Amino acid sequence: MDAILLQIVNGLDKGSAYAMIALGLTLIFGTLGVVNFAHGALFMVGAFCAVVMDRILRLSTVSVDPTRTDFLGNPLKVETPYVQTWFGDFGATLINYSVPLSILLAIPVMIVVGLAMERGLIKHFYKRPHADQILVTFGLAIVMQEIIKAIFGANPIPQPAPDALRGALDIGLWLGFEANQVIYPIWRFVYFIFAVVLIGGVILLLNYTTFGMVVRAGMADRETVGLLGIDIDKRFTAMFGLAAIVTGLAGVMYAPIVSPDYHMGMDFLVLCFVVVVVGGMGSIPGAVAAGFVLGILQSFSAMNEVKAIIPGIDQIIIYLVAVVILLTRPRGLMGRKGVME
Amino acid sequence: MTSTKTNDALLFVAVAIAALAAPLILAPFGAGYPDLMQRFAIYGIFAIGFNILFGLTGYLSFGHAAFLGVGSYSAVWMFKLLSMNIVPAIVLGVVISGLFALLIGFISLRRSGIYFSILTLAFAQMSYNLAYSVLTPITNGETGLQILLSDPRVLDGPSNGSLPVTMLFGLEMRDVFWNPTVFGYELQFSYGYYVCALIMLLSFYISMRIFRSPFGMMLRAVKTNQNRLSYTGINTRPYTLAAFVISGMYAGLAGALLASMDPLAGAERMQWTASGEVVLMVILGGAGTLLGPVLGAGFIKYFENILSKINSNTLDGWFAFMPQGMGDAAAWLVSPFVGSGWHLTLGVLFMMVVIFLPGGLMEGAQRIMNLVSGKSRKRAGEATASTPAE
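Residue numbers (the numbering used here), protein chains in the order written: chain A, 1 to 341; chain B, 342 to 731.
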């Protein structure tokens, strides 16, 4: 029982990332009808917001400390970050919490990037076939990836989680198991909670606000909503911004789990397309559910017992599920009938 | 007006002359060395094959690199087990990748549009991951498959001391057989390139015949409107499947040739970004045109090799004529686009082509021709407007 529980919680962090990226993808597909191959790049940009925030907080002055010397007897140069000189200990805490703080930076950045993408490029591709949309956004993904590579280099840049959120939690104890049965890194738990809150927020926004109602109506029938005198295009653009924020924040908080590097977007993109397809193109609950289910399935298939029966299953399980779903039920688990069939 | 038949013959003769005289033609551009010319020809084959599926039939596959990889692996296995002669390796590569394409195509072609793209992507990623991990006994995992001294090589017998090289009935592939100097350029004529070029010409001829055949017309009809075709009572599956298998065999041929020129096969060749590369080639050159894919492949491989060689010293040399500050500024502006950043150039170029020139380089050439000959731009657009694939 605890072994099963352990695999479930192990799959949660990957599942959360899949669910958030797939949510963004499916929002864009459901509203604008655009197949966005540059979506993984948004995830990557989010992760690099954490890197930038860390660098900003660590900007420092170099001064010579006469009281300390190196082994040759020369006075030592000390770097003092500005925030530390300004705020003292509070500044040190700020640096420590750079990853969660990056959310503040990531939101405006993702809005700008998302809106620029939609207004500057994707707007012109609404009427063109899906193949063209795939191609142009694929080109855009390459460009964004290469820009990041040119600025930050090709090596992964580790982003540690705050000290207080490192280490592991014994969540087995809470559920009545014995000690040390189910141990889980705290940050992954934080990531899961964060994902639940973010996804819940988006669903609440869509279901319980006028804005969300209009957008949902527009997803169902764009023309009729337009005939009611509502500027649906503006709201759809806003949805693109929202999707960019969701994906970007997924990237920011993922930075301590996997060090950001320039091709993480492409790595996640394929998996998340698969997730969206399994969940059903354009279906929001489908994307979220499929994200978590596939994340957990992946962690189950990585168990040694499973790998002993079918070697290599952990590498291909997601694609296998996608193939089976596409062939048997092309609209996906929760997709509407007739979407792109 | 000349008929299509004469036009095709002229085109083929032009391509043949260009391919056979490539060492002479490419030398002034710094591309006249066998390694690069071989790549032009091999990726040309790959792109020609992909064009039959994407340009002609309209199915956008994002997993064609898998067939390239399968072709490479089978070819290297043939070198290891049988002989260093490239003929059995190429035959096996084409056959195995054809069978593999039959299997994947049979399943993937149940869906069309974006679902087809994602199915092929999923299959290719599966093959890549399997080649990387579980199939290590066959693929040698992340190290890649290479020939060893201890390989059996039934026909060649044991090798004496040094690693054997690939050959065609005794002609060593990497051998430069003629090395003249013309107009101050040192030309290199190698067996390897000519083998690739002749096979490329053969592939080009076959693709030309497919384009003009009733089968090709049927593929075009599939691209234009598959629904209407099914309503008239035609079962399109055999046609699309045939197109898929043919293009998979082309990819396998390219992979086997890659392995024949340099007996190595690695899993990176199968990654989905590698499949993206052939899409870029076909789109850049012009999907659905005969010559486009070859041009696109040559273009991308040329710039991959030339742009990536430019470093800051070369740039300083270029801008040396400017005043100091301006030269530095220009070098700084250009530097992200060359060297290791040439992918950025590729991405930008590709986006430009998709946005402004959906017909690729071929459409660009057509527009320039029309401009020169004075045809109105609008009519030219109508004549070449390609229906994008769905």
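Hints listed in this document are in silico derivations from the structure and should not be mistaken for laboratory results.
Errors might be hidden in some of the hints.
Said to hold, decoys possible - Below, a list of computed lysine-lysine pairs in the DSBU-like style, where the Cα atoms sit at most 35 Å apart:
| hint | chain 1 | residue 1 | chain 2 | residue 2 |
| --- | --- | --- | --- | --- |
| 1 | A | Lys77 | A | Lys234 |
| 2 | B | Lys650 | A | Lys307 |
| 3 | A | Lys123 | A | Lys149 |
| 4 | A | Lys127 | A | Lys149 |
| 5 | A | Lys77 | A | Lys149 |
| 6 | A | Lys149 | B | Lys650 |
Said to hold, decoys possible - Over the 10 Å line for every Cβ pair with chain B, so calculated as not near, a few chain A residues:
| hint | residue |
| --- | --- |
| 7 | Gly139 |
| 8 | Pro285 |
| 9 | Ile309 |
Said to hold, decoys possible - Where chain B lies over chain A, by a calculated footprint (3+ residues, C-beta under 8 Å):
| hint | stretch |
| --- | --- |
| 10 | 128-138 |
| 11 | 265-274 |
| 12 | 312-326 |
These numbers were taken from a predicted model, which means no experiment stands behind them.
Glycine is no exception: its CB is placed at the ideal position from the N, C-alpha and C atoms.
Structure-based check of all given hints:
| no. | hint | verdict |
| --- | --- | --- |
| 1 | Lys77/A <-> Lys234/A | violated (54 Å) |
| 2 | Lys650/B <-> Lys307/A | violated (44 Å) |
| 3 | Lys123/A <-> Lys149/A | holds (27 Å) |
| 4 | Lys127/A <-> Lys149/A | holds (32 Å) |
| 5 | Lys77/A <-> Lys149/A | holds (31 Å) |
| 6 | Lys149/A <-> Lys650/B | holds (18 Å) |
| 7 | Gly139 | violated (4 Å) |
| 8 | Pro285 | holds (20 Å) |
| 9 | Ile309 | holds (13 Å) |
| 10 | 128-138 | holds (count 9) |
| 11 | 265-274 | holds (count 4) |
| 12 | 312-326 | holds (count 8) |
Figure legend: structure checked against the earlier numbered hints; hints not met, in rising order: 1, 2, 7.
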